Structures are given as structure tokens and as C-alpha cells.
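Colleague: This is what each chain is made of:
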Amino acid sequence: MSTSTLDVEPSLDGRSVRGPAPRSIRRSRRRGAILHHGVLILFGLFMLYPLIWMAVSAFKPSHLVLTDPSIIPTELTLENFVDGWVVGGFPFWVFFGNSVVIALSSILGNLLSCSLTAYALARLQFRARNVYFAIVLVTVMLPMHAVVIPQYIVFSNLGLVNTFIPLILPKFLATDAFFIFLMVQFIRGIPRQLDEAASIDGAGPFRVFRSIILPLMVPALITTTIFTFIWTWNDFFGQLIYLTDSSVFTVPIALNALVDSESNQGTGTLMAMSLISLIPLLLFFAFAQKHLIRGIATTGLK
Amino acid sequence: MTATLRPVDAPSGSPPAGARSRGGRGRRSQELAAHLFMSPWLIGLALVTAAPMLASLYLSFTDYNIMSSPRFVGLDNFVRMAGDARFWTSARVTSLYVLVSVPLQLAFALLLALVLDRGLRGLSIYRSAYYLPSLLGSSVAVAVLWKQIFGQEGLVNQALDLIGIQGGNWLQNPDSALWTLIILNVWTFGSPMVIFLAGLRQIPEELYEAARVDGASQLRMFRHITIPLLTPIVFFNLILQTIGSFQAFTQAHVVSGGTGGPVDSTLFYTLYIYQQAFVNFDMGYASALAWVLLLAIAVITAVHFTLSRYWVFYGD
Amino acid sequence: MGAGAVAGAGALAACGGVAGGGGGASGGALRYAFWGNNVRQTNYQKAFDLMAEQDEELALTVEFAEYSAFQERMTTQMAAGNVADIFWIPSAQVMTYYANDLYRPLDQVESLDLSDYSEADLRDFLLDGGHNTMPFGIFVPVIRYNATFVQDDGVDWPDSWDWDGFAEFAKGYSAEHQDRWAVAYAADADLPFEGWLRQHGEQLWSEDGRIGYTQEGLESWFAWWEDLRGAGATPSIGEQDGVGASWEDVGDRCLAWFSNSNHIVDDATMFPEHEFALSHLPVDPSAPAGHQFLYFPRQAIYSGASDENAERAGEVFNFTTGDVEMLKIVGLTMGAPVNPRVAQEYAEFASPTETAMLEIVTEDREADRSPRFEAPPGSSTWRTVMTRVLEEITLGSSSIPDAAASMIAEIEQSIDRAASGEESS
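Chains as they are written, first to last, in the working numbering: chain A, 1 to 302; chain B, 1001 to 1316; chain C, 2001 to 2425.
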């Protein structure tokens, strides 16, 4: 590297992401901003049209959802929410609860195990590093359907079917290689000089990990949190094969049970309950992404 | 002083000066520390990942119908694959899907991330709005929604009607069915977009400050700070979206009703694997198909990694 | 890593042969696996609760999922040897499961009460000469037609059709009514297809587990439908959203609909302003006697279930097929009652559409039917092959003879492959 820009004294003292810019730039920015907003809103409407349709359909009588698919409803009703609320004898909030338990546990598992693994792969020197990294990538590459049956057999022989354990335990064992790779890439963006400075002061690898790397990779951790939540919330197949009892059903299984490929009933309830299921996801995302902004403000260096 | 940053090699084996100077004891303690850090992963590999993967590798050389024991058949499955027209169809369909939708999706994701990163008011609303489709992307409801857009009476045809064009059923036409799925993939660009945003947020502010102090223009800063420092994230998204798109399953399964129709025009490779495993109970052949996919993805990923040397910049 | 691999391989070895593994491992609870949508699940649960009230030994642990999800879960359970004690059998897998010894022979189950059934009925229930599955419904192929249209359009709907007559009528009707079609394209409808074959002296599957029809037989079926489609008597494939017509898209614009007898119950609810009625399939004048047939959805007791659970399962069968209370709660979404006594008892509670279905099924049941055989192992994808072939025909990318030949070839290849696997394992 030929520049010494990175030798500049760290001075991120908790101010906002982009500091105040000169006035002239701000004025032209405002004109641009209006144009920006216009395009963004238009594009946003395009993106959201299917979801708007879904929201409208949720309030249509179920037999009209497909036969009268106009986005302007002729009749409105809440019957889909009532009909769809109970699935397999249990109210939907039970499924929300189950999904939340799995999602939060998975988040914890991923954050812990993937960060540890990523740090080792990105920062530590050891002979097997490249081999392990290659294996990490390979585990991402094998399609799920090929391993799902052998995995199921393992858990079935352990008597763990119809529990959450087959879904949660792997998260604590860094099996979501996607996040390992994500964190590796983020960590590699952190200058090594920081590690070295700390280790010269006598900090061991764990100290460096906890005090230097972890705070600086908060965007990666937030991203991991968001994606883990959303993917486990939407994970249909894995949850389907392990969970047989309605009381432990999760949201995707319950949604799937609303419409059968053999009959044509239930599309309205599917739209209604899918809509409701989006709400926790959206709230979670909105909440977590704020921390994505705040995260950067606290990545000041000690 | 402008900050010009050259791309540097991808992970190499040589340790930084600090660690080396401590010699043997340092390296040994690094080995130990590394394995301690990786112990969860190693346990996971042993218990949950390696056995099933090796099992499926073994199964790919067998004839296994799930209900009786596997029977070793050597390379029969692979020979069969070479002569299997539907295998080649699914490979072609999937390759086309990846080649078109990944760049498109990443382009949108990057573009929107850059636009949204400029501190506009209402940023989080836009970000949530663009991310919303990704939340729904692999759900059962998508089939219904997609039919409302691309079906005979769908939105697209209604729009075309306004300008006097009579559209057909896009989902039932083998020439266009795959494109509806490509559009579906691009529609869910919210995921890589969020990752790009996170990556943009991680670029140290002082670099921009220093450059501004030096009088650099927006474009200059963009070219010399943003882009280079974003390359690890671009690389990450590229690799993972490619791998993910090769493995795309739910969208095709849900929209085509599990058939990969019409006439196999949406027969994604993993959908074909699923049909062999769960409908035909031909688990041996399905495993063979899966490993061929893995090999193909591994080769492509390796190529990506090799090429990354020339354009990805790492801060370390 | 070594330990894991050994454990994995050991687990796989243990699961070979379904008698090993769990099966009824959850102690007392009787597991009952079935499919459907939420409405059906709710109704069945009510019925099961009633059954448990009457006999607490029969409390069920229900394993429920949508149809294809059900099959996915069953597949993993079969591999691990922990299938539910009682399970419904997806139609394409009946003989496959049989060939892999998933069924517990029912003549060993003493609690099962078959007194309501005649000898002929029991013969119908046999599979490969053995009583190893229990039917729980009856489907027959029908033409469902829109009685409202018949009235409004002044159609002279006969008591019975023949194929040529129907075709002629269909073309005329569609030409006359621009906003409607006479019939939806239904060349992929499996029960009507089987009906056609039997009327022309062929069958769907042969007794020795092969395809039961000739290329000419298949071609004639395709040709009959293509004739209609070409003349505009059916919607275009795009309009009906696929070679299997979409009821919600064109159901209220088609006078007739070839399908299975039980679908009327659900489908009618989608267009509440219309009334629907049922007719038998058209009958070819040269059709041999006994061409009628009944299709039974079947359920079975898992061969790995404990003896105690098997006996309890027999009691469950008695209730679900022999007690009219069950049917009053769940309705007839899975077809007409298989128990003739129950069918009679239910008649007074049946809705008009259900009554129509019961009548049609009874007529076919009373005929002196020639035997029919189930789909052999390896043929489970035959319907998707047929769909694909129909797509090629309707898109014009394949001629009828070529398409028929390729369909037969592909299905036979799968059957061969499954058979050779069976022999050597």
C-alpha cells in the first residue's frame, strides 16, 4: 500500500455516518434528492405490487381471491383471518412462538459459533486453515436434498424427531457456512495493524477477538442476525420433516397446511396468514437495521 | 495525498511479521488457539455435516430406494446421467438462470445500496420496502402472487392490453416461464442489498474525510475509496448468490407445482434432484446428481477465487 | 470425524429393511398420518376427539401436512424406519410401499370388523392377493356439469353420453356461446383416462405390473381431446393455466368438467352462485361389460407398529369407516363411504352435492366390474410424464404418436429400473 491514509489518527467520536458537508453541495443535493425520492418511490411501488395484492386479497372472501383477482376488492371481510387463525387445532400465536424460539436460538448459535470460526479462518495462522476454509465452502455447495435424509436418520436414531433440537443444535456448531464466509470477508476488511498493536501489548488471540475484532464486525453480526432470523422463520423443509405434532408446528408449516394442492379452498386464508407472518419479520428487520447504522458509530477504536 | 489502493493477493499462507518474530512457540500457540476457536465447527462437522455428506457421496455409487438397503452399482448412476436428456435440460435451465439472474440481481442490489447509502431521509423505510420481497421470496404464497402478475389475466397482460398488445400466459409458455423465475430472483435483491449496505457502512469515514480535505470529487472518492473497499463484499455476494442460484429450488417448485414445467423449461437442477429423491425414490441417482452439482459449483467457485486476485482488495 | 462417519454408515445400515428402527416408539400414543388442508384437518380432529371420548385407548397423535409435504415427510420417515402407525397412502405409491413391506397384513388384526362388506367388496380391497390396506373412500370418474348453465342455455343434457356424441355437442355448444366453453381440456385426468381405456378393452395397469394400454389406445385418448381443443370446444392451455385446467380460472366458464367424483364437494364452494351436478363418463357403445371401476384411496398400518398398536389401529379403522358419526363430521371430501351400510345411513344427512356423488358412485359400484390393478413400483411419476407429454402436444412440438411413444417408453423404463433394483436387493 503506497498511501499512509490509514495511519491517520482514529477520530470517530460517535458522530453520524456522514459528517456535515459544505453548503453548496447540500443545495444541489436537495434538488437531486427530490428526483431520487421520485424514482425510489415509483420503483418501490413496482417492487411492492405483489405484496399489495396479497394484502388486499387477505381481506377478500376466500372464494373470490382467485376468481376475482382485481386489486380493487368488491367485498371486504375478516373471515380469512378468523378461518386461518387456527391450524391443526392450535392458534397461530403458538406457531409464532415456536418460530420465535427457533429463530432466536439459531441467532444466538450462529453469532457465537460462526464468529469464532470466522476469526480463526481469517486471522489465525495454522496449517489446516486453507483446507478448513475449502471444506466450509464445500458444505455450502452441496444441495440440501442430498443430505437431508442421512441427517434425518442420524437425528431419528437419536430419538430427537419432533423436537426443536435438530433445528437448533447445528446452529451452535457453525453449520451455516454462509455466515462463516460473510464474517471472514468482513474481518478481512479490518486492518491487521490493529491486531498487531494489541498483540504487541500482550493480548492473546481471544483478547484480540473479543476487544478488537468483535466490535469492528458489528455490521456483519447484525447482518447475520437479520438473515438468520428471516431464514429460520421461512425454513419450510427442514422444519417439516422434523416436526410432526401440530403443537410444535412453525409458521411455514402452518401456512403450507392452509392450502392443499388437491382442493382449491383456502387461498384467502393463505394470503391473510402470510400477511400476518410478514409482520414480525418486518418489525425485526426494521429494528435490527437501525442498529446497522448505530453499529458503525460505535466502531471507534479504543 | 490521494488514497490509491492496489488490489492485493487473496489469502496467502505467510503470516504477518509480528507473529513470525515470536517463532515456534507463537506458531504452536496459534495452532492450538485456532483449533479451540474452530472446535464448534469441528464438532458440527463430525456430528451433523460430514457423516451425511459422506453418506450421500457413498449413496451416489449405489442404487438406493430409501426403503431397502443401498446396493453398490459403481459408476452406473453417472453413466445414466450422461445419457439422461432431462439432466442436460436441467443443467441448461439452471445455467441460464444463474448467468442472467445473478448479475442482474447484484446490479440492482448494488445500485440501490449506493443510492440508499447517501443519507436520504426515509432511508429505513425505503430499505424495508425493498427488502420486503425477500422476506416473501421462498414462501408458498409466491406461486399465487406470481400467477397474478404473469398469468393469463395477470398484471403484465393488463398493462400490455393498455397499449394494445395481447399477451399470453407467461407461466405456461416454455419460452417465457423461466424468465418469470429470473424476475422473481431479481425481485428479491433485498438480501444482497442489505449486505452491500452493511459493507458500505464499514468503510471508515476518515478515508472520505481525508480525501475531501484533499479536494477529491464525489466520483473520485467513489472510484478510489468506495469501490475498492467494497470489493470483498461484492465478491462475497457474487460467490454466494451464484452458489445459491445454482441451488435454487423453492421458487421453481412452488411456481411450477413441482413439475418444472411447462415441458421442463423451469426444471431447476435441484428440482430434478428432488423429483428423483422424493418422487421416484431413486436416492442413489439423486445423490449422484447432487455431487455432480457440487463439483460444478466448486469449479466455478475456484475460478472466481482465482480471478478475485485481480480485482478484490482486502484491508489486511 | 471418523466417529461421525461410522455412526452415519451404521445408521444407514440399521435402516435398511423397514422392520428395524423406531415404529411406535412413542410408547402408548397411536400415530395417525394423513394429508389435506386446514379445513379437513379441523374436521378430522373433531371426529378423532369424538372417537377418543368413546374409547380413550384410541386417542391419536395426529401427523398432518399438505399433500406433497406429507409425502416428503413420509419419505424421510421411511428411510429412518419411524413411519406413523396408521398412514394414508398416496395413490402413486401404493405398490411401491407394498413392495417394500410397509404394510402390516390386516388379516392378522383381530379387532378389524369387516362384517359389513360382501365377498365382492373384500375382493376389491385386495392388493396382490392380500388384504394389507384398508380403503376409506371411493372415487369414480365423472363429468361434473354446471346445472345453472344447462338451465339458462336450454341444453338438453342426456342421462348418458357417448364419446362421439359429446364431442359433437361440445363443439356446437362452444361455437354458439362465445363467452363459454363446453368442457375444460382434461387429457391429464387420471380416472377418466382409465375409464376410456377400460371401455376400449384396455386398462391402466396390467396384472403383472406393466403398462396396461397400447400406443394406439393412448393415442386415441389424446386425439379425442386434441380434436376438441382444435375446434375451440376447450379453453386454450394458456387460458386454463396448464394442461390440467385451473378450476378457479375457467371453472365458471366451462359447462362440463371431467374429474373425480369427490372434487365436487370442495370445488362447488368456489362458485356459490352456480349449481353443479354429476354425470357418468361418456360410454363407448362397444364398451365391454364391467368396464366400470372404483378407485379406493387407501390407508394402512405400519408393519413396524407394535402388536398392541396394530389392534388399536383396527379399532380406529372400524370407527373411521364404520361409524356414520365420523362421516357426519368430516363430510365426503375423500369420496363416497366404502362401507355400504354407512353409505345408506349417511344418505339422509347428505347435502345435495354429496347426494349426487353418492348416487353416481352407487351405480358404478353395483355394476359387475372387471378387476383393476394398482400402479406398479417405479411408476410414481407417470402423471408428470403424461403432463409433460401433453404440454409438448399442445405446444405443437411433438406429434401425438411420438408423444405417446415417448410417454410409454419413459414409464416402462422407470418400471424396469425399479424391478431390477427389487430383484437384486
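If you're looking for bench data, these hints aren't it; they were derived computationally from the structure.
Remember, predicted model here, so these are calculated numbers, not experimental data.
Watch out, some of these pointers could steer you wrong.
[Claimed, not checked] Computed footprint of chain B on chain A, listed as stretches where at least three residues anywhere in the stretch have a Cβ under 8 Å from a Cβ of chain B: (1) 73-84; (2) 104-117; (3) 157-164; (4) 239-248.
[To be verified] Going by beta-carbon spacing under 8 Å, a handful of chain A positions derived as facing chain B: (5) LEU42; (6) ALA120; (7) LEU173; (8) ALA198.
[What the hints assert, rightly or not] Residues from chain C that keep clear of chain A, each with C-beta distances beyond 10 Å, as calculated: (9) TRP2035; (10) GLU2063; (11) ALA2079; (12) GLY2165; (13) ALA2347; (14) SER2406.
C-beta: ideal position from N, C-alpha, C; glycine also.
Colleague: Going through the earlier hints one by one, which of them does the structure break, listed in rising order?
Modeller: 1, 3, 4, 5, 8, 9, 10, 11
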